[in-house]
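Asks: Residues per chain, in single letters:
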Amino acid sequence: MSKYTEDDLREELKTKEYEYGFYTDIESETFAKGLNEDVVRAISKKKNEPEWMTDWRIEAFRVWSKMKEPEWANVSYKKPEFQEIAYYSAPKQKPKLNSIDEVDPDLLATFEKLGISLEEQKRLANVAVDIVIDSVSVATTFKKTLGEKGIIFMPMSEAIQEHPELIKKYLGTVIPTSDNFYAALNSAVFSDGSFCYIPKGVRCPMELSTYFRINEGGTGQFERTLVVADEGSFVSYLEGCTAPSRDENQLHAAVVELIALDDAEIKYSTVQNWYPGNSEGKGGVYNFVTKRGLCETNAKISWTQVETGSAITWKYPSCILKGNNSVGEFYSIAVTNNYQQADTGTKMIHLGKNTKSTIISKGISAGKSQNSYRGLVQINSRAENARNFSQCDSLLMGNKCGAHTFPYIEVKNKTAQVEHEATTSKIGEEQLFYCNQRGIDTEKAIALIVNGFSKEVLNKLPMEFAVEAQKLLEISLEGSVG
Amino acid sequence: MDLKEKIVSSYVAFEDGVNINSDIHEIRTDAFQQFEKLGFPSKKLEAWKYTSLNAILKEDYSIFPDNEKSINLADVKQYFIHDIDTYKVIFIDGKYSSFLSETTHDSIDVCLMSSALTKAKYKPIIENYFNKIAKQDNLTSLNTAFSKEGAYIHIPKNTEVEKPIQIINFTTGTEAATMLQPRNLIVVEQNAHVQIIERHQSLTENAVFTNVVTEIYADRHSTVDVYKIQNDHISASLVDNTFIEQQSESIVSVHTFSFGGNITRNNLNFYQRGEHIDSILKGITIIEGKQHVDHHTLVHHIEPNCESHQDYKGIFDERSTGVFNGKVIVEKEAQKTNAYQKNNNILVSDKSTINAKPQLEIFADDVKCSHGCTIGQLDEEALFYMQQRGIGIKEARALLMYAFANTVLESVKIPEVKDRITKLIANKLNVNIGFNI
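Chains as they are written, first to last, in my numbering: chain G, 3 to 484; chain E, 883 to 1319.
These aren't lab readings, by the way, just hints derived from the structure by calculation. It is possible that part of the hints are untrue.
Unchecked claim - With a cut-off of at most 30 Å between alpha-carbon atoms, the simulated DSBU-like pairs for lysine-lysine come out as follows:
1. G:Lys70 / E:Lys919
2. E:Lys1209 / G:Lys428
3. E:Lys1209 / G:Lys70
4. E:Lys925 / G:Lys324
5. E:Lys1017 / E:Lys1030
6. E:Lys1214 / G:Lys370
7. E:Lys1224 / G:Lys402
8. G:Lys414 / E:Lys1214
9. E:Lys931 / G:Lys81
10. G:Lys80 / E:Lys931
11. E:Lys1209 / G:Lys358
12. G:Lys457 / E:Lys1209
13. G:Lys355 / E:Lys931
14. E:Lys1214 / G:Lys81
15. E:Lys925 / G:Lys81
16. G:Lys349 / E:Lys1250
17. E:Lys1250 / G:Lys457
18. G:Lys284 / G:Lys446
19. E:Lys1172 / G:Lys68
20. E:Lys1214 / G:Lys428
21. E:Lys1300 / E:Lys925
22. E:Lys925 / G:Lys70
23. G:Lys446 / G:Lys414
24. G:Lys428 / G:Lys355
25. E:Lys959 / E:Lys1300
26. G:Lys370 / G:Lys324
27. G:Lys324 / E:Lys926
My request is simple: use the sequences and hints to build the entire structure.
Replies: This is the structure in structure tokens:
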């Protein structure tokens, strides 16, 4: 890192299109395109799922087939053709793994390219990683260490086999199958994902991490994550995403459910770097994700997200503050460049007394992109002394992009204290000039200023991610100067 | 028969009373078709998410109130700003009252829409300005379809109107339920200056539904100040659609004071079509009971170097509901725009609700735009401090609330209007103090 100079960065920015756009030639098994009840059943069968799970999927499918795609978001795109998507794609050689040595060397090479060296992470970062390629979990590291603490961290498909009681109890409780169009679709066809359970009073000794990648063309990725933190426990969870560069639009419709029981805390961080399409706006991933957390008494859920990828982002990580004294937080940086469109934000639903929520959202738009913040703060009539602070700042680069703010504030209790503020501005000429005077070129100066603008959110990321996120910001804004 | 059907079937009767071979009537017919297609807004529309008209649409309104009724000046004097000399355009049940009014054609025109729409002399102005900026949405279209009467104000170049103009719509309530659709047009030419006070007042407890449309054109360097006083009976509902187009270096301010009425919806739209324009939107809302006030504002920044300032304060007691939906659009040509939007609310009761949706849509990069929205309570320590010094709790609260709303009152330019609003606030807060601070 020490030898990395400005020249290197400039060179990198010049040549860099999308770093993670390679395609790994792993033999994979893909279902024929299209979706009907038989496909849902086939996925379920493929996964060896018990009957209750199959029924649950079928129920979701029936609900989905009656639903219409939502159109309220401030984005415009060609709607995905749901019958043109293959709903299951899995790397064929899927060994049951106990240690990293058993992983297919080709896959390992893929991870090397992604910069996630499992070995290295094992040794240095102390992160337990669950890697999901094309919706199937291929490797879970550190299982043993976690097992000693009673922590369950495994692919969803295995969890359904091994811990059906937990899955039955919690799956779909925060985001019911009928919640929205994409959540229903996900419930019907999800192929894998991660499941995590932290037992009572346990503080998870390491960061848990899931890495998602869409590899196969013409497929959608539908993973499902469920994190349950039992009473008094703590977990920090990371999620990263990439996809190969393709001309077609790929669909990613994930569901993440978090459940923080009494006194528990969940910190969920995402660095989303799906392929955003090329500079003409061709291709890219449609990222339609439903994320929601439920807080019981004294619990805390904190969402941190860095969104730099995807052609279309449609994502609202939310907190239901059900228990008294529970806390919800949302820290977000959304960067859009070229033809990207992002409509993202959060919902804070205050139900319990003395509940608190904080929303810090930073939007950066460049190129011809559109960046919207859409958020809801709802204080219900029984939520005494609820407190919310929201701040949405937007930074615009050039006059071809747009920044939009759509906050909804609904308050039904007189003791509530709600503050919302939003600002929109550009990078000051003086600031750039100051940097230039001191020998910092414009590109680098912008990176510096953007970093400063995003600091409040970057600070919330775990160390390993913060470095990656900072670099991602620079790359995403490449060529947006002037 | 629901209200829409009733309105649709009564259109023929309406056509009997107007010249159906005029250009104006073509505009009306188009608008009528538009309304027939759209119907009344429902909560499914994003713009009406927080306000339902269902309850007031159930009434059996009489759409064409009967013949002229007269009222005694003494009975209604309290609704005028009477301690200063003003021009007055007064309507009773939608019909012009020459007895109460004071109009003029001396250098400026302060008169009636009905004559402006029919007389040849006004034709150039009507052709240029009538129904040009009003939206084609449901309620505005409904008003356009039935547009016939209202205030017509035309201020020529370089004229400073020496006294304010009051536009008051009274309903006598002799009908069980009355629906009114006044249509106002205000054209202010270059360098002219005018102040307008607008009020809707029903005189009995019978239901009233007013759907008013006002179009205001402010030419270069002109100044227009509008004060809307809404303190009607609890049985009266109002949908106020105001559309304002501004040219370079004009300043238009609209102050809306909402203290009364059943459901009040203010659609206030500003379109800036020149540079160095200032648009000011301010409002105080103090309501209780089951009242509902919805401020729906739009400021469209189209050209560079303009400003807009929004400041809305709300105090909500009992089961009342407040809505603030503010939208600022900055087009990509509108560089160097300064747009400010502020909405502060106090909930006094556990049953009251506030729904706020302050939105920004920005396509230009060199702009300063901000919005702030807060919901909170009175400072307990400040209340305690005042109580220690012998000020009763009720008065202490009122003082704090008055101070809270004062940023809006500060910019009221007519002292008599300011006094009147101050009294209304004292009355509304149920205290007998003058707030002479």
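Asks: Does each hint hold? Answer for all of them.
Replies: Structure-based check of all given hints:
no.	hint	verdict
1	G:Lys70 / E:Lys919	24 Å, holds
2	E:Lys1209 / G:Lys428	20 Å, holds
3	E:Lys1209 / G:Lys70	28 Å, holds
4	E:Lys925 / G:Lys324	27 Å, holds
5	E:Lys1017 / E:Lys1030	18 Å, holds
6	E:Lys1214 / G:Lys370	12 Å, holds
7	E:Lys1224 / G:Lys402	27 Å, holds
8	G:Lys414 / E:Lys1214	37 Å, violated
9	E:Lys931 / G:Lys81	26 Å, holds
10	G:Lys80 / E:Lys931	27 Å, holds
11	E:Lys1209 / G:Lys358	27 Å, holds
12	G:Lys457 / E:Lys1209	29 Å, holds
13	G:Lys355 / E:Lys931	27 Å, holds
14	E:Lys1214 / G:Lys81	27 Å, holds
15	E:Lys925 / G:Lys81	26 Å, holds
16	G:Lys349 / E:Lys1250	26 Å, holds
17	E:Lys1250 / G:Lys457	21 Å, holds
18	G:Lys284 / G:Lys446	28 Å, holds
19	E:Lys1172 / G:Lys68	38 Å, violated
20	E:Lys1214 / G:Lys428	13 Å, holds
21	E:Lys1300 / E:Lys925	36 Å, violated
22	E:Lys925 / G:Lys70	19 Å, holds
23	G:Lys446 / G:Lys414	47 Å, violated
24	G:Lys428 / G:Lys355	39 Å, violated
25	E:Lys959 / E:Lys1300	18 Å, holds
26	G:Lys370 / G:Lys324	40 Å, violated
27	G:Lys324 / E:Lys926	28 Å, holds
Going through the hint list in order, the structure does not satisfy hints 8, 19, 21, 23, 24, 26.
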